[in-house]
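*Asks:* Chain residues, written in single-letter form:
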Amino acid sequence: MTTAAGTDALPVRVAALARNAPQRLRERPFWIIQAGVLSVTALHLLAELWGEGLVEGVHPALHHVPVILYLAPIAYASLRYGIEGAFLTGVWAAVLTVPNVVIFHPHDLEWLTELIYVAVVVAAGITMAVPVERERRQRRRAEATSRRLTLLNEIATLTLTADLQHTLDGTLASLVAVLDLEAACVATANPDDPASLSPLARHPADSGAGAPVDLCLQQFSPLHETGQVLTIDAGVIAVPFDTDLPDPSPSGRVTGVLAVQLDPARPRGPDDHQLLIGVANQLATAVANARLRDLEHDRVRSYARLVTWAQEEERKRISRELHDEAAQNLVAIRRGLDTLASRLDPAGHPAELRQLRTLTGETLTGVRRFSRDLRPPVLDDLGLVSALESLVDEVSRRTRLGVELAVHGTPARVAAETELVLFRIGQAALHNVGRHAEATRATVELHFADDIRLTITDDGRGFAPPEQLTQLAGTGKLGLLGMQERAHLVGAELEITSHPGHGTRVAVTVPR
Amino acid sequence: MNEQGEVRQPIRVVLAEDHTLVRQGTRRLLEDSGRVVVVGEAWEGEQAVAAVDRHEPDIVIVDIGLPGINGIEATRRIKASHPQISVIGLTVHDEDQYVFALLEAGAAGYLLKDVEGQDLLRAVEAVHAGESVLHPSITHKVLTRLSRGAPEPAAPTDPLTDREHDVLELATQGLPNKEIAARLEVSIRTVETHLSRVFAKLEVGSRTEAVLYGLRRGWFDLETLEPPP
Ligand SMILES: Nc1ncnc2c1ncn2[C@@H]1O[C@H](COP(=O)(O)OP(=O)(O)O)[C@@H](O)[C@H]1O
Ligand SMILES: [Mg+2]
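Just so you know, the sequences run in chain order A and B. Those letters in the first sequence? Residues 0 to 511, by numbering that gives the first Met the number 0. Those letters in the second sequence? Residues 0 to 228, by numbering that gives the first Met the number 0.
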């Protein structure tokens, strides 16, 4: 890695340091250095006074000793401000020596000695600063490398999470922090329209007037090559990438772009570019993975729909078969047995005949219940309102839950699929109330207006619904998810409102 | 033959049932009694309506699950053109909603298909005699529900005589004809005559319908009805 501070000539660096003078004035090291230089100058003046005979018995050469002490602030300055700091401090020390020379050594050649003395000390100080500077530079470089590694590591971890937005936001935030950027943004081409680009994430998120977004959009052209860094102007760098994994070629089709905005006063080197390319690749992978996940999800979903529908059809078929064949045959058998019994003399009634009649009746009851559980005939014969009435009757009879049905608007029959879906959702919701809610009351409401709205409300303990119902699938809880899937089958919207301690409301709205 | 030993005309029935074996079995059972003749059969909804138009029977027995228009719709159409003909619904399902739907369509009664043959026969005879075939608890439920609906406008004039009102009120309480006769100290024949006049004046075919009619016009309220057991 190369930084501006490492490559430039001394004059440039000195100028840069001096330019930042106002800031320096606010720094402690600066004042420590000043205190050091000024104390040494004062000591030097005192020593000269001694040398003039105010204090007897001091060797005149001793008055040169304090100048050596300038080494201390110069060394300190090199530690804090680098070689340019040492240089400026040395020059400053030399300047401060001037009055001393003028006052105490105006005539003899001693002023020359004095100046050489100072020059040597300053030169020694600056020489000392060189290895310190090198050391410091290496440390900075190691630090920067480690920050970059941390960044890549962070990004790699982020791409493992399933939430693409989280990955993108996190990555851009880290990138901006590590490279000290003004802003960053990532955008991808719409799969249906490769020429148009939509931003996926930006950082800072609230940057005014969509600046980084514009940046992304401006930077995109499908003609660019992936895996290269485009310097658009002094402040903007863009890295195109290809999200069509898993076959990324070094110069594949461009389907996305990472754009960053940086301080033009701080040019970046190849290391930064390398890092940006690495990050762009990671982003491409994250986007591609998310798309694959979505695709898989869609497939599972449409499969689930087909299965749901096939299951309903199958149930209906079996239910009808049971009703039209098995149940009717049993009725016919029953009639035959009745006729037989009435033709026989009551005394000649064999017990077997009575048993057969009883058994036929019981079997018929069982078949009827089975057929109804598969698909309530009330729904097909009489419609949703009657089916919900019958459902509510049954739940009230079977459980201790007080359930009420309220119908608003003008009831009308609607498409069989819609009625079935609404009924099944009502059934599943009431089932949940019985199983989980510990409720005392539940209300089923059916509104007929421009659309049809079914709500099931309970006064039970409530729960915290997950953000995505699909999250429940992993734990084998398919009730709520099934409701949602069924709702989508007929273009209905399912809404679950619940808070722990405040009951639950399931609402489904379907257009007529 | 009835209790008084008089010879009565057999009850003329149209039987609408799509399942052949059930239809044949039911027909045999009814005709074996000697009280009923099945004058027409149907195995589809529209066919049932047509058969009633052609034969004008006393009673129609309708399976709810008929192909085409179902038994409930068939009942509605039959009652629209023949208010005096009584319809008995038959189904394998026991949900109350079927009873409500049938009675709303104008049926006189409702029976599960697996009733004992003798009960079916009794029901036909009861409806014919103007008695109720609904279990009192069902009657109560049905009437509660139906009375919740919008009340019909009161008829301009009340066509019934006081005597007929008395008979209808006792009928509303679910009493059998025999009991009504005992209370009013008249013969069963007289009660039956009163009831058939009531049905004719109200243009209904059965006691259930007459009770609903009176209830809708506020002649009596639910409290006069026998509470469910
Ligand atoms: N009416 C309700 N009251 C309280 N909790 C509920 C209610 N409905 C659903 N839940 C909660 O939501 C979870 C998921 O419900 P669901 O998907 O139907 O699965 P399951 O019923 O098989 O547990 C339940 O385990 C329960 O904790
Ligand atoms: Mg049938």
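It should be emphasised that the hints constitute simulated quantities derived from the structure, not laboratory data. Honestly, I wouldn't trust all of these hints.
Stated by the list, open to error - A few chain B residues that face chain A, going by a derived Cβ cut-off under 7 Å, partial list only:
1. 20
2. 139
3. 180
Stated by the list, open to error - Stretch-level coverage of chain A by chain B, calculated; a stretch enters the list once three of its residues show a Cβ under 8 Å from a Cβ in chain B:
4. 13 to 21
5. 95 to 103
6. 359 to 369
Nothing here was measured: the structure is a model prediction, and the numbers come from that model. Yeah, the Cβ is synthetic: ideal placement off N, Cα and C, and Gly gets one too.
*Asks:* For every hint, state whether the structure bears it out.
*Replies:* Hint check:
Nearest Cβ of chain A to the Cβ of residue 20(B): about 4 Å, under the 7 Å cut. The hint holds. The interface hint given for residue 139(B) is violated, since its Cβ lies 15 Å from the closest Cβ of chain A, which is over the 7 Å cut-off. Hint status for residue 180(B): violated, given a least beta-carbon distance of 29 Å to chain A, over 7 Å. With 0 residues having a beta carbon nearer than 8 Å to a beta carbon of chain B, the segment 13 to 21 of chain A misses the requirement of three or more and the stated coverage is violated.
Remark: the segment 95 to 103 of chain A is not confirmed as covered by chain B, as 0 of its residues place a Cβ nearer than 8 Å to a Cβ of that chain, below the required three. Given a C-beta distance limit of less than 8 Å, the hint that chain B covers the segment 359 to 369 of chain A holds, as 5 residues qualify and 3 suffice.
When held up to the earlier numbered hints, the structure conflicts with 2, 3, 4 and 5 and fits the remainder.
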